[in-house]
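**Student:** Sequence:
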Amino acid sequence: MPPRRPQLAGCAWLLALVPLAALADAVPEVTVDAAKQEYRRIHVDVRHAAGPETSAYEVWFSDRPFRSTSDAELHSTVLIGDVSGLARTAPAFDTQDCWSGGLPIHRNADDLPVVARDAGAWSCSLSGMTPGADQWIAVVPVGANGRSTASFEPVMARTDVADERTPEPDTLHITVTLAAVVLAAVALLSYLRFRDVRGGRAATRHAYVYVAPALIGLTALTFYPIAYGVWLAFTDASQSHLGQENWNGIGNFVTVAASPGILRVGAFTMIWTFTNVAAHVGIGLLLAYTLTRPGIRGSTLYRTVLLLPWAIPGYISVLAWNGMLQPDGLLNAILGTAIDFTATPNAARASVILVNIWLGIPFMMMALSGALQGIPTDMFEAAELEGASRWDQFVRLTLPNLKGTLVPISLLGFIWTFNTFNTI
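For the sequence shown, this note's numbering gives the first residue as 1, with consecutive numbering after it.
Be aware that one or more of the hints could be misleading.
[Claimed, not checked] Just the calculated beta-carbon pair ranges, DEER-fashion:
# : residue 1 : residue 2 : range
1 : 62        : 217       : 49 to 59 angstroms
2 : 230       : 146       : 25 to 35 angstroms
3 : 192       : 290       : 50 to 60 angstroms
4 : 336       : 220       : 55 to 65 angstroms
5 : 220       : 268       : 28 to 38 angstroms
6 : 410       : 146       : 52 to 62 angstroms
7 : 223       : 315       : 26 to 36 angstroms
8 : 331       : 81        : 36 to 46 angstroms
[To be verified] Pairs of lysine to aspartate or glutamate, EDC-like flavour, derived with a Cα cap of 16 angstroms:
#  : residue 1 : residue 2
9  : 36        : 163
10 : 36        : 160
11 : 36        : 97
If you are wondering where the hints come from, they were derived from the structure by calculation, not from laboratory data.
Positions of the beta carbon are idealized from the N, C-alpha and C atoms, including for glycine.
Whenever a hint applies, use it, and build me the whole structure from the sequences.
**Tutor:** Right under this line is the structure:
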């Protein structure tokens, strides 16, 4: 009887080739729908039966044909998983609109699209495509380890849809109203000047000429925008229909008050404002008081160094702090740790408060230094002769004389901090 080893070996090779053949056949079918193309967007329909080893689809694109993802750029990822507890919602950012079964695709808590394993078909509108240029797009099934579980075949697509600019808003009524406000201010000043001349107060007739530029500027650039902003708050105005707003009453305020995060945001805003202002004034006063004491050597140098955070543009300072607060940043290198100071909401809030305190101290220190230097020294000499301690001198002499400076700069600090968004 002839030996059967060659036949067994051949069968083994055939069995080994079966998975490879199945893998080769499992190429996602990508179809470009030219009728749904938009400006900088290409619509693709994908058909593919995901195997058990596939955990996601990666969408790659390039401006030339490619056979490897190393020669392309990753556009987006569509996860594969259980969608029973997920909602079909539009994306939070208009970058990847996807659908399955004719409805918006399911999305998880991270706003990533998720498709059911047995869906078989889904579609996406890919943004960021160069208009008027050929693009090659491939959908690559990948496993949990990030490696492809099937071959892919890029398809060529392009969008020639031109950008449709929105019509310019009608701002004629704003211009007319602004001109009327300016003319009213001029007419008022002219009338007051005429009345003074008739009343025999000719010596003050030139005062209105001097005041007119400032009053007209304030009216056009401050008073009118404030009044117009208050008016817009009671309408349904938006950038899409500026000049065509309708009266909305207190509807906007009701919407804001009923939003779920209003209490949380309001509470943090109050904590943010009062904590920063208290630290700015307190630490700034401490530094100013220390540097204005007699006998302090190098006080000018110290003031210059402490003024640097205020002299550097805030955006650059915030970027520098953002780098230092990273796990591999300077602060962790000094501490010998790897803490992510912005990983959690509470840690991020504490970090931005500390950074803003650092940014605001120099101004308060310089303002209070000037006020401290203006206090007569003979009062402190007399207090020392009377045996008053430094604390008594500070409480009974320094603070009362600083009241005229502390109140306005604290109010300014409150306004500036309340409206600060750069640090956050």
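**Student:** Note whether the CB distance of residue 192 and residue 290 lies within 50 to 60 angstroms or breaks it.
**Tutor:** holds, 51 angstroms
**Student:** Mind checking the hinted window 25 to 35 angstroms against the Cβ distance between residue 230 and residue 146?
**Tutor:** Roughly 55 angstroms apart at Cβ, these two residues miss the hinted range, so it is violated.
**Student:** Next pair to validate is residue 36 with residue 163; report whether the Cα-Cα distance is within 16 angstroms.
**Tutor:** Measuring from Cα to Cα gives roughly 15 angstroms; hence the hint holds.
**Student:** How does the Cβ-Cβ distance of residue 223 and residue 315 compare with 26 to 36 angstroms: does it lie in that range?
**Tutor:** Holds, since residue 223 and residue 315 (Cβ atoms, about 30 angstroms apart) stay within the stated range.
**Student:** Is 52 to 62 angstroms right for how far apart the beta carbons of residue 410 and residue 146 are?
**Tutor:** holds, 55 angstroms
**Student:** Has the hinted range 36 to 46 angstroms been met by the Cβ atoms of residue 331 and residue 81?
**Tutor:** Given about 38 angstroms between the Cβ atoms, the range holds.
**Student:** Are the Cα positions of residue 36 and residue 97 separated by 16 angstroms at most?
**Tutor:** Holds, because 12 angstroms separates the two Cα atoms, which is no more than 16 angstroms.
**Student:** Is the Cα-Cα distance between residue 36 and residue 160 16 angstroms or less?
**Tutor:** holds, 11 angstroms
**Student:** With 55 to 65 angstroms as the target window, see if residue 336 and residue 220 comply at their CB atoms.
**Tutor:** Cβ of residue 336 to Cβ of residue 220: about 58 angstroms, so the range 55 to 65 angstroms holds.
**Student:** When you take the CB atoms of residue 220 and residue 268, is the distance between them in 28 to 38 angstroms?
**Tutor:** holds, 36 angstroms
**Student:** Taking 49 to 59 angstroms as the stated bounds, is the beta-carbon spacing between residue 62 and residue 217 within them?
**Tutor:** holds, 55 angstroms
Consistency note: the structure conflicts with earlier hint 2 alone.
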